[in-house]
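Trainee: Kindly generate the complete structure, drawing on both the sequences and the hints.
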Amino acid sequence: MDKICYKLETFEGPLDLLLTLIAKNKLDIFDIQITELVNQYLEQVQAMQEQEMDVSSEFLEMAARLIYIKTVSLLPKHEEAEQLKRELSGQLIEYRDCKRVAAMLGERFSFDSYPREPEKIEPDRRYRGHHTPQELYAAYLSAAGRGKRFLPPPQEAFTAIVSHRIVSVSSRIIFVLRRLRQRSVQSYTALFDGILDHSERVATFLAILELIKGKRVHLNGEQNPEIKLINGGVRHGD
Amino acid sequence: MEIKKLQGAIEAILFASGEAVSLDRIAEALEIDRSTAGKMLENLADRYRTEHGGIRIVRLEGGYQMCTNPEHAAAVRAALEIRRNMPLTQAALEVLAVVAYNQPVSKAFVEQVRGVDCSAVISGLVSKGLVEERGRLELPGRPLLYGTTTDFLRCLGISSLAELPQPQKEQHQEETDAEGSREEVLQQGEGTAE
Amino acid sequence: MEIKKLQGAIEAILFASGEAVSLDRIAEALEIDRSTAGKMLENLADRYRTEHGGIRIVRLEGGYQMCTNPEHAAAVRAALEIRRNMPLTQAALEVLAVVAYNQPVSKAFVEQVRGVDCSAVISGLVSKGLVEERGRLELPGRPLLYGTTTDFLRCLGISSLAELPQPQKEQHQEETDAEGSREEVLQQGEGTAE
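Protein sequence lines, in the order shown, are assigned to chains A, B and C.
Adding 88 to a residue's 1-based position in the first sequence gives its number in the numbering used here.
Adding 1213 to a residue's 1-based position in the second sequence gives its number in the numbering used here.
Adding 1213 to a residue's 1-based position in the third sequence gives its number in the numbering used here.
Hints are supplied without guarantee of correctness; some may be wrong.
[Stated by the list, open to error] Here are the computed lysine-lysine pairs in the DSSO-like style, where the Cα-Cα straight-line distance is at most 30 Å:
| # | chain 1 | residue 1 | chain 2 | residue 2 |
| --- | --- | --- | --- | --- |
| 1 | C | Lys-1217 | B | Lys-1217 |
| 2 | C | Lys-1320 | B | Lys-1341 |
| 3 | C | Lys-1218 | B | Lys-1252 |
| 4 | B | Lys-1252 | B | Lys-1217 |
| 5 | C | Lys-1252 | B | Lys-1217 |
| 6 | C | Lys-1217 | B | Lys-1252 |
| 7 | C | Lys-1320 | B | Lys-1218 |
[As the list claims (entries may be wrong)] Here are a few chain B residues that face chain C, going by a calculated C-beta distance under 7 Å:
| # | residue |
| --- | --- |
| 8 | Ala-1229 |
| 9 | Arg-1238 |
| 10 | Ala-1321 |
[To be verified] Partial list, derived from the structure: chain B residues whose beta carbon lies under 8 Å from chain A:
| # | residue |
| --- | --- |
| 11 | Val-1289 |
| 12 | Leu-1306 |
| 13 | Ala-1310 |
| 14 | Val-1326 |
| 15 | Leu-1350 |
| 16 | Arg-1367 |
| 17 | Cys-1368 |
Hint data in this document are derived by calculation from the structure and do not stem from the laboratory.
No experiment lies behind these values; they were computed from the predicted model shown.
Here a beta-carbon is modelled for each residue, glycine too, at the ideal position from N, C-alpha and C.
Mentor: This is the structure in structure tokens:
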């Protein structure tokens, strides 16, 4: 059983499996008998699945493709089926060639000769050539022209990065503590009043979580809970 | 004497460079003409080959590189504690084949030929130094293009892509032989399916 | 014959190593005793010395090392530095132009103008001494800024950047439109840095 598992795994993909099936059944690669092929292909995939092998999505995709070709072959006019079969044949022939070449490369390939690292000579790479300012200008126009084909991002895209405000959680911890020191019990949502900035809202929320974790504030209630300062908000252990 | 000195200089250049050095560069550095340099390099390479020493000079894409004689691979690995490179997998060889004969190619092209995802195999080949990036396709998404390296040529023992083995056209006999060995496997596989 | 093979193996080991290899390590890898290995190495080093070739074997504290024969140092330097004579590629010229006309600029800016990755080209220009780093932009990721060098001025035969041909308005109205917005952006970017 193990041995079979191991051997089944050797298919490089759906095309490899199909080539094997075609060779085994002595089918004509240029005129594939699709019905025959579909059944055997599905049996193989099923066998792989039964052995809990990792059947990659490509195998299933090919199964769907084969079934589709079989289906359209049943139609009275099957030009589409012929077309699809030709495409599959082409792909199989190409892959067969690829495998043959791979085998040839494999026979000759060897890692037995080792090069060496370049000797550490720091070459003087300073440029000694000369160019005219006009040459440079022409290059500039050419570069700018090329860039236009890939439209530059709109200015807003850039300013967002530049103006993007990142509010730190620690600054919001100070904010919350300060508010609570003014009035030690208040409504939770009130802490968010007037904050429109997304980053600031998130930071405030994280700050409250931090304070709860540090047992410096207490939150109580379901809808809009009350937030209460514990022990004057002093950090645990301070 | 003069020739002896030039030969020494060529050896020194190849040795110090480590990588392949183009004939032009050697000729220019030694202030000799290209064809003289070429002849000297071929003579030198021949001498190294017949001497059966530890070093070889190989010709790669218009340049020359010094590397160790493969006969001594085991000794080199033992002394330098280099792990023996695992032979390339079938998947790696297939990807190499597609890249070598169609370069520069995008990953999508390789995957189309093989019918499976090849990302991991390609990045493995890149990290082994057998395949390298070759710019991008001017298409939406600007996919990377790949080609083979001079290390690839060296490992294959050829000097240029023109020397790649040419696949023979339509030899049905051979094909069925090669494919035949799989049949057994398949029959076993089917057995379990039932 | 056996000796010839061992010598070849030693050459291969020294060649591939790059650094000095200890006698113990060589002896162990070749499965010969230390004193035999030592004698063989001395013989080999002598042979290399009398041959006046490009390579030498020197004895160092850590063991033995192959290095270039200092007699050929000039040739080696000439060959490995010859790259400097290669004229700038179109890509290099374009990047240089974008940097020259907009400096200081970030790599991202150059890439935005050219629409392609420019990392390799920029570092090539830096190593050629035509472009240099000019601090960083105070933006997320703190991108490096680049500007041109005095070598750049010499290369163009001008004494200041003001001598560069100025883009003429009427000729490329569209271009200035596209360019204009980018320049503004950059200025804004820099504005926030201060």
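Trainee: Hints first: check each against the structure and report whether it holds.
Mentor: Verification of the hints:
| no. | hint | verdict |
| --- | --- | --- |
| 1 | C/Lys-1217 / B/Lys-1217 | 23 Å, holds |
| 2 | C/Lys-1320 / B/Lys-1341 | 29 Å, holds |
| 3 | C/Lys-1218 / B/Lys-1252 | 28 Å, holds |
| 4 | B/Lys-1252 / B/Lys-1217 | 14 Å, holds |
| 5 | C/Lys-1252 / B/Lys-1217 | 27 Å, holds |
| 6 | C/Lys-1217 / B/Lys-1252 | 27 Å, holds |
| 7 | C/Lys-1320 / B/Lys-1218 | 47 Å, violated |
| 8 | Ala-1229 | 5 Å, holds |
| 9 | Arg-1238 | 5 Å, holds |
| 10 | Ala-1321 | 19 Å, violated |
| 11 | Val-1289 | 6 Å, holds |
| 12 | Leu-1306 | 4 Å, holds |
| 13 | Ala-1310 | 4 Å, holds |
| 14 | Val-1326 | 6 Å, holds |
| 15 | Leu-1350 | 13 Å, violated |
| 16 | Arg-1367 | 7 Å, holds |
| 17 | Cys-1368 | 6 Å, holds |
The structure does not agree with the numbered hints 7, 10, 15 stated previously, though it agrees with the rest.
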